[in-house]
Every structure is written in structure tokens, then in C-alpha cells.
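**Q** When you get a sec, could you build the whole thing from the sequences and use the hints?
Quick note, the sequences are listed as chains Z and S, same order. The first sequence begins at 1 in UniProt numbering and counts up by one. The second sequence begins at 1 in UniProt numbering and counts up by one.
These are computed hints drawn from the structure, not numbers from a lab. Only true hints are included.
Examples of chain S residues lying across from chain Z (beta carbon under 7 angstroms, computed): (1) 37; (2) 41; (3) 140; (4) 233.
Since this is a predicted model, take the numbers as computed values, not measurements. Ideal Cβ positions, reconstructed from N, Cα and C, are used throughout, including at glycine.
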Amino acid sequence: MLKTLLATAAILAVPAMAAAQTVGFAQIGSESGWRAAETTLTRQQAEERGIDLRFSDAQQRQENQIAAIRSFIAQGVDAILLAPVVATGWDSVLEEAKDAEIPVVLLDRRVDSSEDLYLTAVGSDLEHEGEVAGQWLVDEVAGEDCRVVELQGTTGSSPAILRKSGFEKAIEGHDNIEIVRSQTGDFTRSRGKQVMESFLQAENGGAEICALYAHNDDMAVGAIQAIKEAGLNPGEDILVVSIDAVPDIFKAMAEGDANATVELTPNMAGPAFDALAAYWKDGTQPAKFIQTESKLYTAADDPMAEYEARKDLGY
Amino acid sequence: MNPRLYPLAATVAIFLVACFLCWLQFPYMLSTRVAGNLLTDNAYLGIVAVGMTVVILSGGIDLSVGSVIAFSGVFIAVVLRDTSLHPLLVFALLLAITTAFGAGMGALIHHLAMPAFIVTLAGMFLARGAGYMLTIESVPIQHPFYDLIQDAYWLMPGKGRFTLIGALMLASVLAGMILVHRTRFGASVFALGGGEATARLMGVRVARTTVGIYAFSGFMAGLAGIVFSVYTGSGYPLATVGTELTAIAAVVIGGTLLTGGAGYVFGTLVGVLTMGLIQTYLVFDGSLSSWWTKIVIGALLLLFILLQKGLLRLSSGRGAAA
Chain Z
1 MLKTLLATAA ILAVPAMAAA QTVGFAQIGS ESGWRAAETT LTRQQAEERG
51 IDLRFSDAQQ RQENQIAAIR SFIAQGVDAI LLAPVVATGW DSVLEEAKDA
101 EIPVVLLDRR VDSSEDLYLT AVGSDLEHEG EVAGQWLVDE VAGEDCRVVE
151 LQGTTGSSPA ILRKSGFEKA IEGHDNIEIV RSQTGDFTRS RGKQVMESFL
201 QAENGGAEIC ALYAHNDDMA VGAIQAIKEA GLNPGEDILV VSIDAVPDIF
251 KAMAEGDANA TVELTPNMAG PAFDALAAYW KDGTQPAKFI QTESKLYTAA
301 DDPMAEYEAR KDLGY
Chain S
1 MNPRLYPLAA TVAIFLVACF LCWLQFPYML STRVAGNLLT DNAYLGIVAV
51 GMTVVILSGG IDLSVGSVIA FSGVFIAVVL RDTSLHPLLV FALLLAITTA
101 FGAGMGALIH HLAMPAFIVT LAGMFLARGA GYMLTIESVP IQHPFYDLIQ
151 DAYWLMPGKG RFTLIGALML ASVLAGMILV HRTRFGASVF ALGGGEATAR
201 LMGVRVARTT VGIYAFSGFM AGLAGIVFSV YTGSGYPLAT VGTELTAIAA
251 VVIGGTLLTG GAGYVFGTLV GVLTMGLIQT YLVFDGSLSS WWTKIVIGAL
301 LLLFILLQKG LLRLSSGRGA AA
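**A** Right, here's the structure in full:
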């Protein structure tokens with residue numbers, strides 16, 4: 001009897017549920033501009049799809065994220081998005097979600113739990129980002145000799161390691177391109193500028209540098225300033241390619257100071273919601289990793305419009 | 001009613017009103033699931049807050065506990081990773097270390113006549129640094145015994161989970177209540193909170209009591225560290241930054257006088273649950289910024305400090321009249 005009642009209730013509930021699914025989003029915090037943009041875009045994407053988004057900011061603390069996920073489960077949400085602050089320690093709470101039959105989608109970062117505890121993970125392939133940047137340079141110089149200086153991210157961090165190896169992979173076999181100097185700029189603008197200044201001094205005032213590859217846009221923006229102060233023209237005398245696609249690099253591109261950037265999209269929620277929609281509809285199991293597009297932007301892509309589109313996202 | 005009970009009564013009243021308001025908006029918040037979550041999610045905080053209550057009752061403060069929790073998690077994770085010791089043995093080892101650490105701080109505070117604030121601040125840096133010395137990464141704990149205790153819960157009617165660590169928290173509160181309100185040590189703590197000179201006149205062995213108080217706080221921080229490691233299944237040196245302040249806030253919202261000498265361990269439990277309830281409400285609502293937790297806790301703290309000042313004036317006014 002109870003079973004029939006429940007089944008009827010479930011059937012009755014389906015059209016209503018389709019109208020407004022509830023999704024809980026356990027976000028890490030708002031430590032960087034990129035993350036703030038991710039939050040803004042997740043809200044926008046949810047609104048566009050008529051999803052009722054419950055948002056929780058964990059203020060960088062795992063215990064807050066675990067508590068938030070538990071509360072989402074208690075509430076009986078239809079799905080949970082999780083951007084995990086660390087990789088470890090999620091097994092028991094993910095198992096609870098699984099027991100409650102609530103799909104969990106990981107955004108941007110991964111966890112070390114078993115794969116059957118989450119529906120899928122949406123993220124960028126960091127090595128591929130480096131490859132796209134390297135490929136652009138290969139095509140741009142078209143066989144001419146090019147001495148490259150590289151600004152690395154924080155030593156030992158996974159983006160620094162993978163963006164470096166990706167770039168090296170792309171220029172492999174092109175003997176005309178050579179990385180002559182490579183140092184860490186710690187992903188910051190000020191260190192990027194400082195290290196670029198030392199590069200310029202070491203390379204005959206910059207005359208022997210053909211291109212700069214920076215692991216993120218912030219360092220590139222700092223380096224552009226250093227190049228200008230050295231009396232050179234960034235974007236022409238020294239080609240500038242970097243990764244992330246934050247608003248300021250588009251501004252630099254519009255002014256002709258930067259040449260190319262590879263986007264690390266903050267829109268991780270879009271593909272996540274698409275995967276969830278398919279899962280809700282007929283139980284389609286997505287692949288365990290959904291790679292977001294690492295799109296290349298150059299001066300030909302109307303950088304001013306890209307800047308306008310991005311500047312209000314919270315970067 | 002005894003005026004000493006007023007702050008506790010206010011704490012309980014605020015908690016009940018908060019529950020009622022939550023229930024009005026989200027009826028599902030009064031379910032065994034949410035109740036079970038409240039106990040589980042705040043287990044480590046409740047345990048460490050019991051230790052903090054004893055410290056504050058004596059007129060002291062212990063700023064090291066957040067770091068000690070993080071150190072405990074890292075210690076357990078690293079020892080379990082690198083050796084084949086049984087977790088229970090590691091727990092015993094850890095509790096011995098943290099208790100000795102607390103006792104050492106207590107001895108310094110008493111013998112050097114240093115403010116507890118300074119000594120435990122040094123302890124905070126020491127413990128955090130020691131955690132980093134062991135590892136700078138987050139280390140997962142993979143041991144069958146951990147799987148066992150992580151899955152140890154009683155499924156309440158309504159699918160709520162009454163977990164082992166939640167039960168441990170309630171047991172700690174009970175033990176704290178007995179220790180503080182029913183033993184000679186507890187009476188000495190209260191006497192010390194009234195002032196060291198008076199306590200001495202009353203025949204309290206100040207040195208022993210002070211060392212005992214901080215040793216107890218260290219023990220509870222170690223226990224909270226164990227619970228936290230069960231809760232997250234890993235050890236991370238960056239974990240529980242600032243938890244000492246959350247614990248102090250819970251103690252004060254629980255009605256304990258920040259200057260020492262008056263308060264109840266039970267109030268601390270209610271204080272912890274009130275803070276957990278605010279957090280749960282914000283997640284249920286899902287549109288408010290989670291920083292509201294801090295704002296509400298700040299407002300509650302202010303309210304209780306004012307309440308305590310008012311009570312103090314009331315009682316001293318009565319004393320003058322008599």
C-alpha cells in the first residue's frame with residue numbers, strides 16, 4: 001500500500017520536479033578572482049536552466065564543506081556540485097550521498113575517492129592548456145628561430161608542472177623554438193614583473209628574446225610592464241602567450257601588448273548541468289571526466305568584447 | 001531562580017527559539033537526519049569546547065587547541081602510513097603527547113606567572129609548526145579500523161545517523177559535567193576562576209590545578225583531533241585554523257562567564273549546537289552568504305557579554321544594598 005502511494009507520489013512529482021530541480025553547490029570559497037567568476041557563472045547557468053541553486057561558501061574549510069553536503073543530503077536535493085578544497089577525506093560523506101541516491105558532480109578539482117562515489121568530474125586538462133599555448137607559438141613563428149623565456153607558476157603546484165610539460169610537448173620536434181630561461185613567478189603580477197626584468201637584463205636587454213610564455217595571465221601582465229619599461233614593444237618585439245583568459249589580458253591584447261591566451265573556463269557548471277539533465281532524464285551515465293574546452297584567444301577574436309563580457313563576473 | 005542560572009537559561013531559550021524559527025521556515029529541519037548531522041558535524045568542536053569550558057571557568061584561555069587538532073590528525077595519518085601500529089595504540093600515544101603538551105603549558109603559566117594568552121599562543125605556533133614538519137600535504141588515512149569506526153552509526157527512525165563520534169561528543173560533555181560540577185578538581189577550577197589569591201586562601205592547590213586544567217584541555221584537543229581524523233578520513237596540517245576561537249565563542253554563547261568562575265558545561269553543548277544550527281539554516285536557505293554565520297555568532301557573543309555585565313551589576317548592586 002505504502003509502496004503504491006509512494007510510486008503514485010513519484011509519478012505525480014515528476015512534472016513538478018522537471019520544472020524546478022534543486023541543486024546544492026558546495027563551493028570552496030572566494031579566494032581568487034577565477035573562483036568568484038566560477039560562482040557567478042554557476043548561478044547564471046542554474047538560473048538559465050530554471051534550476052533552484054542552493055549555494056554554500058565553505059570559507060576554505062573542509063569541515064564546512066562536509067557539513068554543507070550533509071545538509072544538502074538531509075534536504076533531499078536532486079544533485080550536489082562539489083569543488084573540493086583538498087583531495088582527501090571525502091569517502092564517508094560521498095557514500096552517504098550515494099546511499100541517498102543523490103548524484104555528485106565534482107567541479108574543477110578532483111578527489112582521491114573511488115570513482116563510483118561520484119557521477120562525473122568536470123575540469124580542465126592542464127597539460128592540454130600548455131599544449132595549446134605551445135602550438136600557437138609553433139604556428140606563429142612558422143619555422144623561424146625563436147628563443148623563449150618562461151614564467152612558471154608556483155614551484156611544485158600541479159598547474160605549473162603540467163602547463164610546463166604541455167608546452168614542451170607542443171614545441172618538441174621544432175628545433176627552431178628553444179626555451180632559454182625558465183623561472184617561477186609564483187602566479188603573481190609583481191613576481192612576474194620582477195623575474196621578467198632579470199630575464200631582460202640577462203638576454204642583452206631583451207633583444208635576444210623572441211617570445212614569453214607565462215603559466216598564467218597575471219604574470220604575463222606584470223611581465224608586459226617590465227618589457228615596456230625596458231623600452232621594448234610587447235606583442236611585437238617579444239610575443240606574449242599565457243593561460244587563463246582573465247579580463248585584464250584581453251585589455252592588454254586589445255592594446256596590442258599581448259598576443260594569445262588559452263582559456264581556463266570558469267563555466268564548469270554548464271557541462272555539469274548538461275550531464276545531470278541527461279542523468280535525470282533517462283539515467284545516462286556520463287564519462288567519469290568531462291574535459292572543458294581550452295579555447296585559444298588571439299587579437300583576432302575581438303578582445304575588447306571579451307573583456308566587456310568578463311569584467312563583471314567577479315574576476 | 002538562582003541568578004547564576006540566567007545565562008544558561010538564556011542559552012537554552014535562544015536555542016529553542018532558533019529551532020522554532022527554523023522549523024517554521026523549513027519543517028524538515030526538525031528531523032532525525034538534521035539532528036544526527038548536527039551531532040556528527042560538530043563532534044570535534046563539542047569535545048574541544050568542553051576542554052575550553054574548563055579553561056575559561058578557571059579564568060584562563062587556551063589558544064593552542066585548533067593547532068593541536070590539526071597536529072593530531074597529521075600525526076595519526078603519518079604514523080598509520082609509515083608504521084603498522086594499530087590505530088588504538090596510535091590514539092593512546094597521541095593523547096599522551098597532547099596531554100603532556102597541555103600540562104607543560106599549564107606548568108609554564110603557573111611557575112613563570114605568565115599570562116595564559118601568551119603561553120598558549122606559543123603553543124599554537126608550536127603545534128601548527130610540528131604538524132607541518134610531519135607533512136605539508138593532506139595525507140589520507142586508509143586503515144580497515146578507520147572504515148569500521150566511520151561506518152559505526154545507529155540508523156535512527158527517519159534515516160538520521162547517530163554516529164559513534166556524535167555519541168563520543170555527548171559522552172565527553174557528560175564526563176565534563178561530572179568533572180566540573182561533581183568533583184574536588186571542579187570545585188578548585190571554579191575557585192581559581194574567582195581569583196588566585198582567594199583560591200589559595202580556600203586551600204586550593206593552585207599549581208596542581210592549573211597544570212591539570214591545561215592537561216585536560218590538551219587531552220580534549222587530542223580527542224577532538226582523533227574525532228576530526230575519523231570525520232575527514234585524513235590528516236591535513238592546514239585544517240581547523242581558528243577553531244580555538246570558534247570553541248571560545250561556543251563557550252561564551254553557552255553562558256560561561258569569560259572572566260571565569262561561573263558557567264555550565266551543558267551550556268557549552270547548547271552553544272555548539274546553536275552555532276551548528278545557524279550553519280545548517282544557511283545551507284538550507286542556500287541564497288544567503290555563509291559569512292552570515294559569523295555575523296550571527298558575533299551578535300550572539302555581544303549579547304552574552306552584555307548579559308553578563310548586566311548580571312554582574314545586578315548582583316553587585318544587591319550586595320551593596322545588603
